[in-house]
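Colleague: Chains A and B are the protein sequences, given in the same order.
Per this note's numbering, the first sequence starts with residue 1, numbered consecutively.
Per this note's numbering, the second sequence starts with residue 1001, numbered consecutively.
Heads up, a few of these hints could be off.
[Claimed, not checked] Interface residues of chain B toward chain A, partial, derived using beta-carbon atoms under 7 Å:
no., residue
1, 1108
2, 1112
3, 1404
[Said to hold, decoys possible] Think about it this way: if two alpha-carbon atoms lie no more than 25 Å apart in a straight line, the pair counts; the simulated DMTMM-like pairs of lysine to aspartate or glutamate are:
no., chain 1, residue 1, chain 2, residue 2
4, B, 1248, A, 158
5, A, 73, B, 1357
6, B, 1275, A, 158
7, A, 60, B, 1434
8, A, 60, B, 1407
9, B, 1133, B, 1434
Since the hints were made in silico from the structure, they are not lab data.
Even for Gly, the Cβ is constructed at its ideal location relative to N, Cα and C.
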Amino acid sequence: MALRIDKTDRIKAWFLSLPALLLYSAVLIYPIIQVFRMSFYSWNGIPASPMRFVGLLNYKAFLSDARFLIALKNVGIFILSGFLVIFPVSLFMATVIQKNSPLKRVFKTCYFIPQVISRTAIALMWYFVLYPDGGPVANLCELLGLTNVNVNFLGRPETAIYAIVLINAWTYAGYNMLIFSAGLTSIPQELNEAALIDGANGRQTFFRITLPLLRNSFNIFALNCIIGSITTFEMVFVTTNGGPGYASEVFGTLLYKNAFTYNNYGYSNAVGAFLIFSSFIMSVLLTKLFEKTKD
Amino acid sequence: MKRNIVLAVVCMLLISMMPIMASGNEENTASDGKTVVRILTRFSNPGNPREKYFQDMVAKFNEENPDIDLQDLSISDEGSRDTRFKTSIASGDPIEVFNFLGYAANLDYVRDGVVTDISGEMEADPEWVAAYKDNLFGPVRYDEFGISGIYGMPIDPYGVCCFYNKAIFDELGIPLPETWEEIEAATPALLAAGYTPMAFGAMENYRGGHFYTALSMKAYGSEFKDALISGEEKWNGEKAVNLISYMKHLYDIGVFGENNMAYNADGELSRLENKQAAIIFTGSWNLAAVNAFSNADDLVCMGFPYFESVPEHKDDWMGGPDCFISISSKPGDPDYEATLRVLKYFTSYEYLKGQYEYCNGSGTYPVTFDETIPADRLTNEFNSYYSNATDMIGEIEQYDAMASLIDIVRTNLQTIFTGAEPQAIGDAIQLEVDTWRSMNNY
């Protein structure tokens, strides 16, 4: 039987949704429209200064900027590290906390701690941990006799982005552990037991039963990882500010610097528009892909 | 259905714009009726005598002026300070009193009315400015751009200088090197003894920018700066790249030591105090801090090294007026009178004299004091060089109307310490300059 909604109900529904709609449009829709609008102007951030319409010039400058390619490469490294480092580590951690161990709660808490600390505090903490002049990692290397190792991981262009990526992995592994843990809990125990009766070993059970049934958790992880990598900012900003030189630049730092260091708000909004657009496209594509693989 | 969706979107947009449309300029009045005035400087480190003095004076001002709530938003990190300042401007609520660097790089703030012309107030109150040295107002005058007036009060004229740890040189039997040729000659012995010849904290990119300008003055004089700004010289031209090459040469032969990307200007100071560095390149703003070092007796203040082969530029300096205090409130604004009172308080002869006494005569000041305090040895040494300066400029990029140039040059120069090639550095800077000029029809 089809549900009939009369006019009064419809008005009520609109009325009840209004506070949420208001809030949503004020904090999200309006700023997004402004970002796109301002990306077509040249403006120095001073209200009295006229905004000059420049069409697609900001996008042209951004896409032809050498730093765009550096940021793109670094975002690629972030995404790759997500799948190669965060995914296996968090899945492993999730399996550990699934075991009936007396230390289960301790593990769970320890793994999740980075998630409750502010990102800025984490970045600062690691900045000092990796400080090459007397920092704990430098001291450890010295203790182990690794005197030939250049311990300035954040200060060298060839290692800076990888150091940040590892800090990022440390930060997000606990959160993703929870996602996979929820997925593992939802797998019926009977399936594993049936597989064991059929003679499957642990490896076979994991790859043939557990992993395929974790698809939904993996989808959430993949979406978070890719969108998070595209929009990453605070970890890079605090540890290297995109340096040394431009070596660890990401889109977030390009956006920030163009607005607050270069007074180039139009360009900065073009970067912002690119971020919004690419995040949206990636979410749509991934959702479609996940739906397809479901079938 | 479609009509409903369109209606919903239109409603959302209109309603979300309402608070923005309704917002307007409000008077800065605290709930207790006091006029709120915010002040933003880079004086936030109580470990530095002159910054501690500033903080004490903010507290004193609030005590003496019960009708004003002076809120100190100062933050020592340059980038954070800039972000705070620019955000306040972009949001339409500019901080009332702030430190301002002047020069062409900040022309937009003057042209677009953020910074207030205070020449009328200076004329109306001649006593306020009587002790100021006239030649310090150049960077806050914009007559060459068709803008009349004065847009700030100088508080901190400076000169770059070097501090040498004489004890190290005495220990090794090396006379204090005054030229780059002598520093290069002394480097092997200093390195062999385990000392960094000249600590260079490249982690903060401004260090490279300062060094480049100071070096350019010793190599070419201020004509080079003029040629770069006019476009006659290019950042990737022979002269400009030669300077970068020389910086890289100094780095390659070990003059700057190792791990430069691992420490900043404070790291340079600590290396000097800990007897790890034989020389540091800094400025007169650190005279009071260095004076307080445990090994101050071992230290000597000298000018930035020059080239034996270019003696004609021996006394050309990077320095001059740099830090100004400016205001954004305009005559007629409800908080103008309070803002002006704050400006006058922190740029008054009494304030500066108090700072002079608090720092025991250390440092450089924009006013001439009627009574001088016998200054410390380091300040006297600095002044003996400073007074011989024949030409002086601020950082080259400050003279360019391209506001982003300063960070672009500094960031690219920083890559010397990460292995970049001098020509590539020059090319990268010039590309940015060309792009900006073409976009701005310059």
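Colleague: Using 7 Å as the Cβ threshold, decide whether residue 1112/B counts as touching chain A.
Modeller: holds (4 Å)
Colleague: Given residue 1404/B as an interface hint, is the shortest Cβ-Cβ distance to chain A below 7 Å?
Modeller: holds (3 Å)
Colleague: Next item in the hint list is residue 1108/B. Is there a CB on chain A closer than 7 Å to its CB?
Modeller: holds (5 Å)
Colleague: Is it true that the CA of residue 1275/B sits at most 25 Å from the CA of residue 158/A?
Modeller: Distance of about 31 Å is beyond 25 Å: violated.
Colleague: For residue 60/A and residue 1407/B, compute the direct alpha-carbon distance and say whether it is at most 25 Å.
Modeller: holds (22 Å)
Colleague: For residue 1248/B and residue 158/A, compute the direct alpha-carbon distance and say whether it is at most 25 Å.
Modeller: holds (19 Å)
Colleague: For the pair supplied as a hint, residue 73/A and residue 1357/B, is the alpha-carbon distance within the 25 Å limit?
Modeller: Measuring from Cα to Cα gives roughly 55 Å; hence the hint is violated.
Colleague: Checking one constraint from the list: CA of residue 1133/B to CA of residue 1434/B, max 25 Å. Satisfied?
Modeller: violated (38 Å)
Colleague: Compare the distance between the alpha carbons of residue 60/A and residue 1434/B with 25 Å, and conclude whether the hinted pair is satisfied.
Modeller: holds (15 Å)
Consistency note: the structure conflicts with the earlier hints numbered 5, 6, 9.
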